[in-house]
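Q: Each chain, letter by letter, is given below.
Number of protein chains: 2
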Amino acid sequence: MTYELYYWPGLQGRGEFVRLALEEAGVDYVDVAHQPNAEAALVTFLERADLVHPPFAPPFLKHGDIVIGQTAAILLYLGDRHGLAPKAATGRLWVHQIQLTIADLVGEAHDTHHPLGADLYYEEQKPEALRRAQRFRADRIQKFLDWFETILARNPDGDAYLVGDSVSYADLSLFQALEGLLYAFPKKTRAVLAEAPRLSALRARVVQRPRISAYLQSGRRVTFNEQGIFRHYPELDR
Amino acid sequence: MTYELYYWPGLQGRGEFVRLALEEAGVDYVDVAHQPNAEAALVTFLERADLVHPPFAPPFLKHGDIVIGQTAAILLYLGDRHGLAPKAATGRLWVHQIQLTIADLVGEAHDTHHPLGADLYYEEQKPEALRRAQRFRADRIQKFLDWFETILARNPDGDAYLVGDSVSYADLSLFQALEGLLYAFPKKTRAVLAEAPRLSALRARVVQRPRISAYLQSGRRVTFNEQGIFRHYPELDR
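If you're matching them up, the sequences are chains A and B in order.
Following this note's numbering, the numbering of the first sequence begins with 5 at its first residue and continues without gaps.
Following this note's numbering, the numbering of the second sequence begins with 5 at its first residue and continues without gaps.
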């Protein structure tokens with residue numbers, strides 16, 4: 005059965021974390037965001053009264069009769085099915101815990117440009133965004149990236165990947181989060197990465213994985229832009 | 005092996021979602037927040053260089069050699085061990101998806117009083133909090149609670165619980181989120197609940213569960229206060 009990924013068209017957003025897992029898994033999937041009338045298809049699906057498990061918001065994945073919302077829950081499902089997480093319970097849960105921490109980082113990165121809420125435009129909350137971004141740059145990027153560097157260093161199976169000795173969905177998501185931070189806050193992120201050799205090596209390692217590399221070069225990946233989670237507003241990266 | 009729950013003393017916070025699951029499970033646990041020097045114990049633990057799976061932040065649960073951070077990951081673990089989630093994969097994942105949506109609601113409730121970041125005092129971001137809370141009250145409470153009412157209505161096993169016909173950790177967490185919303189935004193939350201009969205009934209059902217009832221009356225539950233996630237500032241509940 006082919007996977008169908010539903011997400012807003014025109015931005016990477018949270019859908020991109022799912023895409024990277026699907027690409028690494030090498031499975032066929034329909035990316036609804038690339039189809040005609042993508043937004044209408046998404047909204048119509050969400051409003052279906054016959055969904056027993058209606059997602060609260062995109063992204064969501066349809067796989068036969070199964071519909072799963074919440075990025076981390078989708079990845080938990082895909083990780084089990086495609087060897088993108090350890091089989092053993094403790095390692096499986098550790099990957100998930102890392103993913104939830106990446107989600108926290110991604111949420112905070114989003115809030116730098118939308119501190120007053122996602123329903124207002126950036127232009128309506130610019131002074132607040134300046135204050136929030138200042139604190140994010142001063143403190144949070146370092147704190148999160150230090151944690152990732154630490155857990156790489158402590159991995160008993162070596163520092164090539166976050167958990168065990170093979171790639172997991174958390175490695176792919178961390179790569180995506182780093183790409184986003186480098187786009188949105190290049191100065192600070194480059195400075196922190198310069199002191200985080202394991203994290204920098206992980207980033208390079210993910211880029212070189214054949215299927216990820218093919219995807220990045222395929223033209224199917226939407227470029228970062230100011231509709232997404234990671235936005236480059238020069239005034240927020242002083 | 006006795007569970008040890010680490011969380012900040014003096015507030016319910018995210019630790020309370022874990023406490024409710026432990027209480028419903030009827031297991032012995034050490035609540036480190038109630039011990040002398042709780043904060044120092046927590047910080048010292050987090051800084052241990054020998055932790056292979058160091059949590060990023062509290063709450064975290066220690067169970068023998070296993071240390072788990074991230075509220076939703078802790079609940080995933082406890083749910084499996086204590087019958088607080090379905091055994092079947094689809095139901096188990098659905099409970100988790102609901103939990104992640106509750107976490108989103110809880111995060112947004114927190115951000116009403118800390119829109120510029122958790123490292124500034126409320127008093128340093130009061131005008132911004134007024135704007136953010138206004139939007140949360142006007143729109144988000146209704147949207148989230150409507151979704152919970154809908155999934156109760158669509159549960160094929162009846163509307164007594166969110167998933168299947170028995171209590172899960174998501175029911176307990178939803179109860180906690182409702183209590184918090186009623187504390188922080190009583191006017192709006194009462195108005196929404198008046199139109200959500202299934203959600204109101206679920207809340208009453210959780211309160212009446214013998215172990216939850218005993219816990220609520222035990223004096224061990226910290227009362228809601230203005231150190232926690234759900235804070236009652238009258239100016240934010242106009």
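Source of the hints: derived by calculation from the structure; they are not laboratory data.
Bear in mind the structure is a predicted one, so any value in this text is a computation, not a measurement.
Possibly wrong hints are sitting among the right ones.
Copies of the same chain look alike in the list, so a pair counts if it works inside one copy or between any two.
[Stated by the list, open to error] Straight line, CA to CA, 27 Å or less: simulated DSS-like cross-link-like pairs of lysine-lysine:
{"#": "1", "residue 1": "K191", "residue 2": "K91"}
{"#": "2", "residue 1": "K130", "residue 2": "K66"}
{"#": "3", "residue 1": "K191", "residue 2": "K147"}
{"#": "4", "residue 1": "K191", "residue 2": "K130"}
{"#": "5", "residue 1": "K66", "residue 2": "K147"}
{"#": "6", "residue 1": "K91", "residue 2": "K66"}
{"#": "7", "residue 1": "K147", "residue 2": "K91"}
{"#": "8", "residue 1": "K91", "residue 2": "K130"}
{"#": "9", "residue 1": "K191", "residue 2": "K66"}
{"#": "10", "residue 1": "K130", "residue 2": "K147"}
Q: It remains to establish, for every hint, whether it holds in the given structure.
A: The hints, checked one at a time:
1. K191 with K91: Neither, since 39 Å and 47 Å both go past 27 Å.
2. K130 with K66: This pair counts as neither: shortest intra-copy Cα distance 37 Å, inter-copy 42 Å.
3. K191 with K147: within (16 Å within a copy, 38 Å between copies)
4. K191 with K130: This pair counts as within: shortest intra-copy Cα distance 20 Å, inter-copy 30 Å.
5. K66 with K147: between (35 Å within a copy, 23 Å between copies)
6. K91 with K66: For K91 and K66, the Cα distance is within 27 Å both inside one copy (23 Å) and across copies (21 Å).
7. K147 with K91: Neither way: K147 and K91 sit 30 Å apart in one copy and 37 Å across, limit 27 Å.
8. K91 with K130: neither (46 Å within a copy, 47 Å between copies)
9. K191 with K66: Neither: 39 Å inside a copy, 38 Å across copies.
10. K130 with K147: both (25 Å within a copy, 26 Å between copies)
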